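Based on the sequences and whatever the hints tell you, model everything.
Residue numbers (our numbering), protein chains in the order written: chain A, 1 to 181; chain B, 1001 to 1304; chain C, 2001 to 2193; chain D, 3001 to 3367.
It should be emphasised that the hints constitute simulated quantities derived from the structure, not laboratory data.
Since the model is a prediction, treat every value here as computed from it, not as a measurement.
There could be a bad hint or two in this list.
[Said to hold, decoys possible] If you want the ones that stay clear, here's a sample from chain B, every Cβ over 12 Å from chain A, calculated:
1) GLY1010
2) ILE1011
3) ILE1088
4) VAL1111
5) PHE1112
6) GLU1144
7) PRO1182
8) ILE1189
9) LEU1268
10) ILE1298
[Claimed, not checked] Here are the simulated lysine to aspartate or glutamate pairs, EDC-like style, with alpha carbons at most 16 Å apart:
11) B:LYS1058 <-> A:GLU154
12) B:LYS1058 <-> A:GLU83
13) D:LYS3024 <-> C:GLU2131
14) C:LYS2069 <-> D:ASP3317
15) B:LYS1058 <-> A:ASP12
16) C:LYS2029 <-> D:ASP3231
17) C:LYS2026 <-> C:GLU2012
18) D:LYS3206 <-> D:GLU3248
19) C:LYS2029 <-> D:GLU3083
20) D:LYS3026 <-> D:GLU3005
21) C:LYS2048 <-> D:GLU3211
22) A:LYS169 <-> C:ASP2155
23) D:LYS3196 <-> B:GLU1279
24) D:LYS3225 <-> C:ASP2080
25) D:LYS3172 <-> D:ASP3134
26) D:LYS3026 <-> D:GLU3036
27) C:LYS2082 <-> D:ASP3231
28) C:LYS2048 <-> D:GLU3207
29) C:LYS2026 <-> D:GLU3082
30) A:LYS169 <-> C:ASP2136
31) C:LYS2026 <-> D:GLU3085
32) C:LYS2127 <-> D:GLU3036
33) C:LYS2082 <-> D:GLU3211
34) C:LYS2026 <-> D:GLU3083
35) B:LYS1058 <-> A:GLU151
36) D:LYS3172 <-> D:ASP3275
Note that CB positions come from ideal geometry on N, CA and C, so glycine has one too.
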Amino acid sequence: MYNDKDAKKIVDIIQSYARKHSLWVVAYGTGCGAIEIPPTMTSRYDAERFGIRGSATPRQADVLLITGYLAVKTLKRVIRTYEQMQAPKFVMGFGSCTINGGMYWDSYNTINALDRYLPVDVFINGCMPRPEAVISGFIKLQQLISEGKAEGAEKYLKNLEWYRENQNKVIPNWNMPDYNW
Amino acid sequence: MEINWSSVIGIVATPVIAFIVGVLYGGAVRKITARVQNRYGPPITQNLFDIIKLYSKKTAIQHGVMQHLGPVFAITASVTSLYFIPVIKDSPYFQNFSFNGDLIFLLYMMVFGSLGMALGAGQTGNPNSAIGVSRGLSQMVGYEIPFVLALVAIMIQFKTTSLNELLAVQDHFTNWIIFQSPLAFVAGILAFLGMMHYAPFDVVIAPAEIASGPPSEFGGKYLGLMMTSGSIFAFVKLVLFVDIFLGGASDFITLIIKTFLLYMIPVLTGIVSPRFRTEQSILFFWKWPTFIGILAIIVVVLNG
Amino acid sequence: MEELKIEKEIAEEISKTFHSAEVTVKREKRVVVKLRDDLITPFLSYAKNNMNFIHLAHISCVDWLEDNKFELIYSLLNYDNKVMILAKTYIDRENPEFVSHTNYWDQAETYEREMREMYGINFKGNKRLTEFILEDWQGIPPMRRDFDTVKFSQDTFYNRPGRENAQDVRTTVTKKSGEEIPEIGKDYTVRNL
Amino acid sequence: MREKETTLYLGPQHPGITGNMMVKLKVAGDTVVKAETHVGYLHRAFEKLMEQRTWMQSFPIVCRICVPEPDPNEENLARAVEEIEGREVPERAKYIRVMALELSRLAAYMLWMGGQSGGLGLYTAPQWSVGDRDYILDLFEELTGGRIYHMYIWAGGVRRDLPDGFKERVLKTMDYFESRLPEYDKLIFDNAIFKKRTIGIGVIDKEKALEWGVVGPPLRGCGIKHDVRIDEPYEIYDKLEFEVPTVEGGDIYARAMVRRREMEQSISMIRQVLDKMPGGPVYNKVPNPLNWYVPKGDAYVKTESARGEFGYYAVSDGSLKPRRVHVRGPAYVHGVSLLERILVGANISDVSPIMNSLGVCPPEIER
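And the structure:
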């Protein structure tokens, strides 16, 4: 009657349902896109309807929202923040500048393609994306989670050397502790 | 050996019920807060999803043995306190371990969880945790005094330290202790505001100051354990206050109504209040609530 | 001419005290003073203490690569008559050094830190010329005119190639409306002009 | 006996920090002994990028310097170009510019109100005020096409005229805001705990404020009447009736009250502008934006933004592109030297409210 496979599946369904409906976003306004986060989270758009909530520390968070361009100095902190988060964790690239540099394509201090340095699950384009776009990005992430396709964390761990190489290329002084999940 | 089945069922069912009610209350509070804030709010089961998600996290960083024990201490304290409180009045299922001196025992047990958390958070090495712990302990000193004074006033007045005997006194709603000893109730409810950690007394977890305070370094299963314990403990505090002041409850519906109304006092205060600094909140507790508590004892002693 | 009375008085006072200064009243509430580099400190001190120009609005630097000079601009504001003085001077670009004015104004420290980082000007007397905005920067200070930010960006950062079927917005729009793109507008970046 | 000092890093990943910066605090017990700001996390090299682009291509860049309130930047660059060129602006455009500036000031104050009270733990206030701010953003969206970045004001006027019925919608929104203000008073400004947390905290010395370079609401919160809108009236501010509120005290509460009263003034100003607005074109004939040679010269222009005086120093060498545009944001002084000074002796709990009340906005510091 009860075989192991089915039992596991039920647990999986419950898990992915809970994961999907409880996305805690680490409170890190890395760029100018952070200005659209308060409207998304507050009464007009109310992202809490979907279980999206802010979280004060990376240890408790599930989603790292990269709000826009990343200065090299911030990239270093973002990597550290990302590595402190507990798996399963997801990265969302917010705004055109995470995709190809956007309007800062020729700036000497901003990276141009975020997915070379961190595994991005969902990109939201626009400069800047409206709160509706942010919420639709979250819903896309929820879909990916329920389909089991949001596996950025595993990808990162598997290709750690490649990511490290790219990161080291832009960060001249790499004085960070080793990867410790 | 004769096994008392009703109490066995009670022992198993009590924490489960407490957890479910606590979690749903948490969700309801989020919903009500959202409505006050002009928004729709999360579903009422949101806290349950959060807890399941936290338990299903694949990794959880550990900083040492004490950090592991912290949440365990917290949940032990909440469940143990729960066992010493008669949840339903005169019901054979929910008497659990209540005994003659349980009121005094509870006073200690309720502090135990916070102390365990403090030890656990201390080991994470995060300065935010350390500051949060010191804030939490100083604030605890603040609200424990009026709380103890209120309980002492009641103990003197009814000459008992047993919750069951207190419940027996309150056989009719005119005999509720809230009416028999209103001063003690006022002191107790003010201390209760502090105990529930809603604004203005939420300096312990103030995000804008110290990230999320003591649990800063706790993620995944540890945080899940803490949220579980928090849900149970909220229920414990509510039932305790209902038992002491509002005449307890002889069935579940009464229990839900009474605890929920009681819960709304700190929640609704919290929605419209900024938070006090640590020394301001201690000063708050040591002023009026303490004074009222002492007054309650004096009145009781004079009435003899 | 009646309106510029206060400005003219200020200009007169400055040129009386600093004979070599070149003072012009630019417009209402703007007086421009051009000074030798060694006169900047006495001038700032005089303006602050004797003429009540107590607010340092900004210190700016312009790189004149062709003349091999840096131009420093100190902007002062008088709160009583709201007149603003722009004190300008030129310093050598090869070995840029200047005097720090942190003892006159606190906020000068911040401006000097930034200029040290962005232009490589060494302010003698500023005790906190530490890293300010950039981190571990190697190479020439980025705000100098001879630093090529486009080349640096292309060398350092990965540039994602565009879509192959991407269409030029301007050509598409003009094709629809039947207009012609002016010759000058064909290059988006205008870098080659 | 001295208490043991610990180092506390506030940021860059921290919910209490305004934007993306770091304050390194040395604390003894609960008191800050030394504060050090570290900025540069948002450095995009705008001033360098502007040297790579034409004057008109710089407009999309400058509005990104200050995210909560982009219009003063556009206004500044536009006025700098106009001053160097001696270009005339149509009367109607000036009125529309003032309307946009005041609307954005109102929006910035709504966001500040949320940040200030949210930092103090009053989570209902940001939910209300950020939600209400969206009504202004809706107006901006209708007017300019963008919610946050407008790129609306440019040299020679504004980009386009008001849409049909826009005036009525603005007036309706203003009525709504006026009806909301008493509720905010009840929730925030008259709240006993809010007063307890803010009065006497983060005090700026009135004697020293001018020398330290304090501008905007923090300076007016010291009781000093200084506002670019009356000192050096730009556009049509000399034709409007308004007062510049000042409050004595120099603490967080005084700064909050200054902003609270300025909101009323902004509402009344927007009404006056809409009332007096003349007809006519909104921009004069301008050269091709890609072929727009600005003559040799320089200009220092300033605008009163929600956080204080925003100054631009622009230099043209007669070519297509700016030689240099130096941006002097109010936060440049507030966020570094002033913050480091007044944080000393403050309680850790008050660090975030002090930062909010000074309006520290990191993108302005590092550009």
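Hint check results:
no. : hint                    : in the structure
1   : GLY1010                 : holds, 28 Å
2   : ILE1011                 : holds, 26 Å
3   : ILE1088                 : holds, 30 Å
4   : VAL1111                 : holds, 25 Å
5   : PHE1112                 : holds, 24 Å
6   : GLU1144                 : holds, 27 Å
7   : PRO1182                 : holds, 39 Å
8   : ILE1189                 : holds, 29 Å
9   : LEU1268                 : holds, 18 Å
10  : ILE1298                 : holds, 44 Å
11  : B:LYS1058 <-> A:GLU154  : holds, 11 Å
12  : B:LYS1058 <-> A:GLU83   : holds, 14 Å
13  : D:LYS3024 <-> C:GLU2131 : holds, 14 Å
14  : C:LYS2069 <-> D:ASP3317 : holds, 14 Å
15  : B:LYS1058 <-> A:ASP12   : holds, 13 Å
16  : C:LYS2029 <-> D:ASP3231 : holds, 10 Å
17  : C:LYS2026 <-> C:GLU2012 : holds, 14 Å
18  : D:LYS3206 <-> D:GLU3248 : holds, 9 Å
19  : C:LYS2029 <-> D:GLU3083 : holds, 13 Å
20  : D:LYS3026 <-> D:GLU3005 : holds, 6 Å
21  : C:LYS2048 <-> D:GLU3211 : holds, 9 Å
22  : A:LYS169 <-> C:ASP2155  : holds, 11 Å
23  : D:LYS3196 <-> B:GLU1279 : holds, 12 Å
24  : D:LYS3225 <-> C:ASP2080 : holds, 11 Å
25  : D:LYS3172 <-> D:ASP3134 : holds, 14 Å
26  : D:LYS3026 <-> D:GLU3036 : holds, 9 Å
27  : C:LYS2082 <-> D:ASP3231 : holds, 6 Å
28  : C:LYS2048 <-> D:GLU3207 : holds, 15 Å
29  : C:LYS2026 <-> D:GLU3082 : holds, 15 Å
30  : A:LYS169 <-> C:ASP2136  : holds, 13 Å
31  : C:LYS2026 <-> D:GLU3085 : holds, 14 Å
32  : C:LYS2127 <-> D:GLU3036 : holds, 14 Å
33  : C:LYS2082 <-> D:GLU3211 : holds, 14 Å
34  : C:LYS2026 <-> D:GLU3083 : holds, 11 Å
35  : B:LYS1058 <-> A:GLU151  : holds, 12 Å
36  : D:LYS3172 <-> D:ASP3275 : holds, 14 Å
Hint check: no violations occur; every hint is consistent with the structure.
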